[in-house]
Amino acid sequence: MQFAIRLKQLEKTYSPGLLRRPVHALRGLDLDVRRDELYGIVGLNGAGKTTAFKIILGLLTPTNGGGEVLGAPLGDRLARARLGFLPELPAYYPHLDGGEVLRFARALSGVARDDQRDRQILESLGVGQAYSRRTRKLSKGQLQRVGLAQAIVHEPELLILDEPMSGLDPVARGLVKDMLREQRQAGRTVVLSTHVLTDIESLADRVGLIQDGALLREGSPRELLSGSAREVKIEGCGVSAETIARTLEGSVIAAGDGSWAVTLSGHAALEVDTAIRQILGVGGEILQIETIREDLESMFVRSVEGAKECA
Amino acid sequence: MRVIAALGWNTFLEAIRDKILYLLLFFGIFLFAASRLLAPLALGEGRRISLDVGLASISLFGCLITIFVGHQLIFREIDQKTLYFVFSRPVRRVDFIWGKFLGLWGILAVAVFAMGLILCGVLAISGYSFGWPVIQAIGLVFLELTVLASLALLIASFTSPILAGLLTLSAYLIGHGSGDILQLMESLTTPALQSVLRAVSWIVPRLDLYGEMLPVLQDTGWTAVQYGWGIAYAVIYATAALTLAGVVLERRDFHL
Chain A
0 MQFAIRLKQL EKTYSPGLLR RPVHALRGLD LDVRRDELYG IVGLNGAGKT
50 TAFKIILGLL TPTNGGGEVL GAPLGDRLAR ARLGFLPELP AYYPHLDGGE
100 VLRFARALSG VARDDQRDRQ ILESLGVGQA YSRRTRKLSK GQLQRVGLAQ
150 AIVHEPELLI LDEPMSGLDP VARGLVKDML REQRQAGRTV VLSTHVLTDI
200 ESLADRVGLI QDGALLREGS PRELLSGSAR EVKIEGCGVS AETIARTLEG
250 SVIAAGDGSW AVTLSGHAAL EVDTAIRQIL GVGGEILQIE TIREDLESMF
300 VRSVEGAKEC A
Chain B
0 MRVIAALGWN TFLEAIRDKI LYLLLFFGIF LFAASRLLAP LALGEGRRIS
50 LDVGLASISL FGCLITIFVG HQLIFREIDQ KTLYFVFSRP VRRVDFIWGK
100 FLGLWGILAV AVFAMGLILC GVLAISGYSF GWPVIQAIGL VFLELTVLAS
150 LALLIASFTS PILAGLLTLS AYLIGHGSGD ILQLMESLTT PALQSVLRAV
200 SWIVPRLDLY GEMLPVLQDT GWTAVQYGWG IAYAVIYATA ALTLAGVVLE
250 RRDFHL
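The listed protein sequences correspond, in order, to chains A and B. So that you can map any letter, position 64 of the first sequence is 63 in numbering that gives the first Met the number 0, and since no number is skipped, the others follow by simple counting. So that you can map any letter, position 109 of the second sequence is 108 in numbering that gives the first Met the number 0, and since no number is skipped, the others follow by simple counting.
One chain only, chain B, in its complex shape:
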């Protein structure tokens, strides 16, 4: 556990000292400002616009952080030959993956927290109500990014950085439409096609679980059971993806 914590802290420190994170936060702030500009055009739907744009921005910029930081986490260690430093010590490859994930998770937590604060600030300045459902929604975006980060690391464990970035972005886009895949599967009559779609639905992350806006717009919030399912899915998916990434890395030769 100490090894994972040390690897996680190093990953976190590296990203925090990297200017790309600040650049993405800057864009987050920029987009929130855009939501303020759009609000007067929304004909009484200003709160909805602010929440829609704000939460979508947190999700999108969180996704970009995951891609920009996540896809390089393993490649950079190989490229800079720092893997020698890690693997000449008693570090399991699966621990290395968990450490990297922990660092990325910490970066996302800081970024989501900062962007969430800005969203709440924008809502407060605009005079719109915000309460527990908004905080719940921000938490769900964080869970969504947890799933995406684990998938990004799995992809990065076996492919090049550019391909890893593209595949992670694709997974993010398809993941938001994964509910539609399931609906399509139910409407199909061909068993073979149903099986294919079922297999796809197991691989593609169910990010649509975290994108439902109604409870936050109506200020009703999510029930504990709904939220619990969201947490359980994130934990199970991330554990499976990271374990698989560890297995992939274990079988890999490092020609540094």
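Only chain A is shown next, with the shape it has when bound in the complex:
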């Protein structure tokens, strides 16, 4: 299997000064991102996502551990020619307009100037007007999309995007998600970190949860949620709500027309078959069964809280 990024026991400790405690930003981070996949990195603020990105780019040297990016050592100059990066809170030269930013990006990446293509990219992201407008006059959302444009202008094999949805309105988010899907379909590897977990759930092939500088959990959104907590709601009639409440472990709501709804959660939610047998056994009739799965966001919060309790 080919990997776009491999991080092995990556550690980074910042030493802020003589009288201050060192800060452990990464504590043995292991991360494998396969080629051609869209990998989502999720973590709280300060979990180590941006530090990991900086090490991949060569802006920081790891205290321990190492890895590879596109088959080359971390920070390798030639590998950087094949990747595109969008920083969190992107900042570009305020004296340049959007078109000049993309031209400058092309020059630094060793790619030929192509003004027409630059215009197209900006227009596809809904910021065509930024082409001839100084970046200091752009809104945060517009700047974010110029940032995405500069990351893809040289058609890199690997895209690393730190919070690409930050500051975007719903329409712009839709455009960016479309762009990410296009990049993925074009065979590019995309690594993105985000706090908007519903986005990552619908986009990512695999997700890694980072907590305190280490990988907490990893897998496809389906895998991560398969063993997660869920609720099962059963609606029925034929017997009284009180009978159901005595028979099952769950919260029962009685409706005025003699029907009822019972919600099973936790361990009981995994024993649905038993519950159905018990309902039928007391003479009940089942009208509807609905499974309510936990989303990635609740799973993430639960995982992080669980990790804190263990610590």
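Keep in mind the hints are simulated off the structure, nothing from the lab. The structure presented is a predicted model; accordingly, all values stated were derived computationally and were not measured. Each residue gets a CB set at the ideal place from its N, CA and C atoms; glycine is no exception. It is possible that part of the hints are untrue.
[Claimed, not checked] Below, simulated DSS-like cross-link-like pairs (lysine-lysine); rule was C-alpha separation at most 27 angstroms, straight line:
1. Lys136(A) to Lys176(A)
2. Lys139(A) to Lys80(B)
3. Lys136(A) to Lys80(B)
4. Lys139(A) to Lys176(A)
5. Lys176(A) to Lys80(B)
[What the hints assert, rightly or not] Covered by chain B, according to a simulated footprint, are these stretches of chain A (three or more residues, beta-carbon under 8 angstroms):
6. 68–80
7. 92–99
8. 102–108
9. 164–174
With the hints as your guide, set chain B onto chain A.
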């Protein structure tokens, strides 16, 4: 080379679109006007006063441009987080330094050229002769600023903007007295002190090489050999300073 040119052009554009450059040029013009006012008081030495004040102004304002623009070149990239934009691409840190230098050099070339034109204009209006030696002298000021700009970037690569500005200004002032350091070294009898001064003379830029006024006042000009030494020193010093700045930057972590 394309990367260096792109970085240089961006640096140049940033400074040209920055109002501080125009402010310094305004002060340059102001000082030349002052030399015109002083000329009648000079008792027949009006040309000398005009040339002295004019060339010194070009040097001083060039130094101020170097300090105001140069000391921020690296810090601003860190502060504005634009280093992400540069170093997420295949850019060597030494190329980044050379690109920044190229931009600063271009700004100084434009400023020195503009101030040189004004000086020639002042001399022409005053009816004083000026020829090749004056142009040579302006060229030497540019070489002096080339040396200073490279040193400013070296200092800026490892320290804060304020300290970088102060150290560059100090280097400019000490550099003009570097000939005196060498004379002092020759007059000393203690070998240890001589060694210390020799080491200092290697670090401090020999800006006194570019400040000699006699050839321009006597209209004799500099010989090709004298000028060649001036160019060679500037090239060697700037290359060494920028290479060292590249090494310093290469070893630096960027906590953006």
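For this structure, which hints from the list above don't hold up? Number 9 - this is the single hint that the structure violates.
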